[in-house]
Structures are given as C-alpha cells and as structure tokens.
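If you want the building blocks of each chain, they are given just below.
Protein chains: 2
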Amino acid sequence: MVKEIKLVQNVLKANERVSEQNRNIFAENQLLAINIIGSPGAGKTTLLERIIQNIVERKAIAVIEGDIYTTRDAQRIEACGVDVVQINTGGGCHLDAPMVQEALTNLDLDELDLLIIENVGNLVCPAAYNLGEDFKMVVMSITEGDDKPEKYPRIFQEAKVLVVTKVDLLKYNQFDMDRFLAEVRGINPGIKVFQISNLTGDGIKELVGWLEEQRNYKREEQICSV
Amino acid sequence: MVKEIKLVQNVLKANERVSEQNRNIFAENQLLAINIIGSPGAGKTTLLERIIQNIVERKAIAVIEGDIYTTRDAQRIEACGVDVVQINTGGGCHLDAPMVQEALTNLDLDELDLLIIENVGNLVCPAAYNLGEDFKMVVMSITEGDDKPEKYPRIFQEAKVLVVTKVDLLKYNQFDMDRFLAEVRGINPGIKVFQISNLTGDGIKELVGWLEEQRNYKREEQICSV
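Those protein sequences? They're chains B and C, same order as listed. For the first sequence, position 96 matches number 95 in numbering that gives the first Met the number 0, and the numbering has no gaps at all. For the second sequence, position 20 matches number 19 in numbering that gives the first Met the number 0, and the numbering has no gaps at all.
Among the hints, a few may not be true.
It does not matter which identical chain is meant; a pair holds if it fits inside one copy or across any two.
[Said to hold, decoys possible] Below 30 Å or equal to it, Euclidean Cα-Cα: the simulated DSBU-like pairs (lysine-lysine) are:
id, residue 1, residue 2
1, 217, 204
2, 170, 58
3, 191, 58
4, 170, 217
5, 150, 217
Hints listed in this document are in silico derivations from the structure and should not be mistaken for laboratory results.
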C-alpha cells in the first residue's frame, strides 16, 4: 500500500498588496497585462515571438522577461522590435509583484496598451504569486505528458487561457489530447484553450485574434468606467 | 537596449541541519540515496520504472515520491514491486529534508541499500534543498531545448549525473546536443551524462550499470570505514 504524508504549506500573502497596486497602475494606463507561466522548454519565449510577429500595432507592446540568470530570452524578444525589461531573480523561482512594480519604472506606460510578462520557467511557484495581471496564461507542451493537470492543478485553476504547444509532435508522443483536456476542464471548466505549433504556425492566428479581443475589451472597459 | 534589474535572493539554510541528520541515517544503514530532479514531464517517473525493471536485487530498493497533490507516480512505482512512500507537499514546490526524515519512519531501513527520491517536478527550487542524499540526478528531456543549462544553472552545478531523456525525438526537434553538453560541462565539468530513451530503452542499461557501481562503492565505503 502507498503510504501518504500530508503537509500543509502556508501560501504567502504578503505579495497581494503590491499586486493590487500594480493592478491599479495597469487600469489607470488602460494597459492589458498578461502573466505567462509554464515549465522550462514549454515554448513560452518562442510563442511570445510568434504573438508579437502577428500583432500589427507593435509599438504599444512591452515585455517583462523573468529569468533566473541570463538575458537570452530578453534579447530574443528585443529583436522582435518591442521594449523589454529583464528581471533576473538571482536564483528565485518566480516573479513577484514588487519585482514587476520596479520593472514598470523602466517603461513608458502612457504609450502602451499591452504588457506581456514572461515568468520564470516553472509550473509550480509562479501560480501562487499574483503580479497584478489581468489574467494568467499557462503554456504547456504536449511532450510534458497528458497526466499533468491534476498533478499541478493550481496553475490550471488560476489561468484564464491554456496554450498547448508542440502539437506538431503529437504523432511521435503518447499524449491523449481528449484525456488531457477533460482533466483540465475538470479543474477549470471555463478555461480557454488553444492548440498551437510554434514550428508550423498552426493555431497562432486564432490565439492572436483572441488576445486582440482581450486588448479591445480592456480599452472599452476603461471607456465605460469613465 | 535590454534593461536589467538584479535581485538578491537569500537561500534558506534552515534545511541543512536536518539534511545532515538524514545523511547520517543513510550512512548508518549503508544506504545509497539519490535525489532525482527535473521539470514536469521530463520523464522522471518513467525513467524510475525503467531503472527498477533493470535492477536484479529489487527487494533492497525503496522509493520516496514527492508530489504536489496526487499519488499517481507512487502507484506506478508500487506496481514495479518496490516499497513506496508518498509525500504530498500540498502545493509546495520542492521536497525538504524534514519531509524526507518523516517519510523514512515508514521504511525498514535495515532491509534497504538503495533509496531513490523523486522530487516535485521543478527544475528550480529542489536544487536548493539538500535532502541528505549521496547525489542529485538531474533529468532533462531534449524537448525542453538546448539553451536551458545557463538559464537554470544551479541544478546542473549541484548534480553528479545528468540523464538526457527522449533522445528518440531528436530528429523532430531543433536540439543541438553538442552545444547543450558543452554548456552543461561549462557549468559542471565533472558531471556524468547519459543519453537515454524511455521509449526504445536506449542507454538504460549503461545508466543502471553506473548506478549499480555507485551502490557497490557505498557498500565498500562503509566496510572500509568500520
């Protein structure tokens, strides 16, 4: 028989106050902020390149790149022609709201209407730290296996949108998409799902179309609330 | 220009005292303890199944399974005919030494000479927490990308052995093994590397042969120190 030890982990709440300040900053500036979360190698940075390449109004986009040590991802994103601020956590496993608040001082928020934050590669810890974003986007590649949602449920609960990457590799992997999506929807019935391939480009336009809708909703929300 | 913000993160050291106690327990019981670390979907549990299936003296093996919520991995490992203790962290992103010490009370240590601890799926946090193990094994799949060692250097520094999984997918991925291994060895020149496929079984026997050597070294070490 499998013996089970349950441990209780207190989730730190100190981050929440600053995340509310960030949320207000984003609202005042009519800025849609997205927090992208996924494991190392899920395809977050390549997805971000594809998204930016497919957005026409690129001037109003900025990216905050969370990394532990290098500026590799930031350099790739800068090459796409958008403003990038790099946060190096120096070992830390997630971004938190104060880090993002400091990063914001490097951006001209008046000029922006879309801020994309790429979190540190980690499916676990970033899910627990709100940054003030409008929503979280979880990115998971099919090579990570179809049994992951219930093993790492928090990010699937927290995210508004799931982007399943590397679907071009489906034929070489034992990945049951129906099982996977049923499990995801068992955790979060309302989650929006896109299946994409960064390699072939499949699904990217649909995702970008949806993101543009979210951007427009945010603008309209602001107009209505004035 | 990429703007960079450096943040200092204090690494918690409170774990070290208990990890030393665990180390003593393992030494007293002539038990080789291995701490397996890798991202979700790197192939840790399947690798563990393959290792156990290829070891002849299976009675003397036990496994501690670290998971956030489910007992899925523990059930798979139990089906291989070895003792398993499940640690559910309830949201926590890594195992720590006290969790392992508690788990040990559920095992008959006298009867064991190999303890394999599968950590929570996360390439970042588990690297910072010694559990008292003889060594860490990092497991990374080629689908995670060849740029990861310098982005997540700590686990490559800390590990004695690297198991590169899913090499059967090399032909469908843009993964430069030479670049990857050069970067790994830039961080840790002495790291032992195995390239394996859980699907085809390539490389498993070599890895298991090496593990058996480590097991024998540990037994001999104990004999010499008496």
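Fill in: Within, between, both or neither: residue 170, residue 58 at alpha-carbon 30 Å
neither (38 Å within a copy, 38 Å between copies)
Discussion item. My question is about residue 150 and residue 217: at a cut-off of 30 Å on alpha-carbon distance, are they close within one copy, between copies, both, or neither?
Written reply: Answer is neither; intra-copy 33 Å and inter-copy 34 Å both fail.
Fill in: Copy assignment of residue 191 with residue 58, given that the CA separation must stay at most 30 Å
within (27 Å within a copy, 47 Å between copies)
Discussion item. At most 30 Å between CA atoms: does that hold for residue 217 and residue 204 within a copy, between copies, both, or neither?
Written reply: Answer is within: at 20 Å inside a copy they meet the 30 Å cutoff, but 56 Å across does not.
Worksheet entry | Homomeric proximity label, residue 170 with residue 217: Cα distance no greater than 30 Å | neither (38 Å within a copy, 43 Å between copies)
Figure legend: structure checked against the earlier numbered hints; hints not met, in rising order: 2, 4, 5.
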